[in-house]
Amino acid sequence: AQTVTQSQPEMSVQEAETVTLSCTYDTSESDYYLFWYKQPPSRQMILVIRQEAYKQQNATENRFSVNFQKAAKSFSLKISDSQLGDAAMYFCAYCQGGSEKLVFGKGTKLTVNP
Amino acid sequence: DGGITQSPKYLFRKEGQNVTLSCEQNLNHDAMYWYRQDPGQGLRLIYYSQIVNDFQKGDIAEGYSVSREKKESFPLTVTSAQKNPTAFYLCASSPRTSGSDEQFFGPGTRLTVL
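Which chain is which? The protein sequence lines are A and B, in order.
If you read the first sequence in my numbering, its first letter stands for residue -4, the second for the next number, and so on.
If you read the second sequence in my numbering, its first letter stands for residue 1417, the second for the next number, and so on.
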């Protein structure tokens, strides 16, 4: 079974600085998708960024970018110019191609200090 | 506005009682999902449905039941057989049945067993 590991239960960053959240996954499949979801204190889950495994180029969405290392099965999230509104739980998730199931990591709680 | 609604926001249950959590979407999405979130844990899939009148068990289906009589509705019943039902429950939907699509989440229901 596929597993997703987020090794940092908590992280903190100063406002305007850059922070990287780690995620590793275990799979023998070649067709899969990876996601980062944000869960702020309101507990509403919001998609931050999505990466297709067949794409070599790292996905970017404004201040959010990923470092996708397929051979190492690593999918880290970089947040640049951190803002107070970035404070949240961040979940890494994996989905095998053709499957309906998302497998989530346990999350990283990000604190942004003013 | 299109979106996913869950009700109630907070639910209290006495031991031995069944309770039903509501999930409605007006996004015209085919697939719908139920997740359970416990403190310090990621989301775990309870049930999912790709089409009306059809649904499949997820990883932790024991003690839960669902129905999908309408495309826009996917209620979850927590039965008395669920040993530890106190948790945060999230409903999600996606446009297609392939998990490679983004899943859109509702605001969640917090269930507490008294």
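Treat the hints as calculated values from the structure; they're not laboratory data.
Be a bit skeptical, because a hint or two may be false.
[To be verified] In silico EDC-like links for lysine to aspartate or glutamate, alpha-carbon gap of 20 Å or less: (1) A:96 to B:1454; (2) B:1499 to B:1517; (3) A:104 to A:10; (4) A:50 to B:1454.
Measure nothing beyond the straight line between the CA atoms of residue 1499 (chain B) and residue 1517 (chain B); if it is 20 Å or shorter, mark the hint as holding. The hint is violated at about 33 Å.
Holds or violated: residue 96 (chain A) to residue 1454 (chain B), with C-alpha atoms at most 20 Å apart: holds, 18 Å
Given the proposed pairing of residue 50 (chain A) with residue 1454 (chain B), does the C-alpha separation stay at or below 20 Å? Given pair residue 50 (chain A), residue 1454 (chain B) is violated - Cα atoms ~33 Å apart, limit 20 Å.
Given hint residue 10 (chain A) paired with residue 104 (chain A) - CA-CA distance at most 20 Å: holds, 15 Å
Hints 2, 4, counting from the list given before, are not met by this structure.
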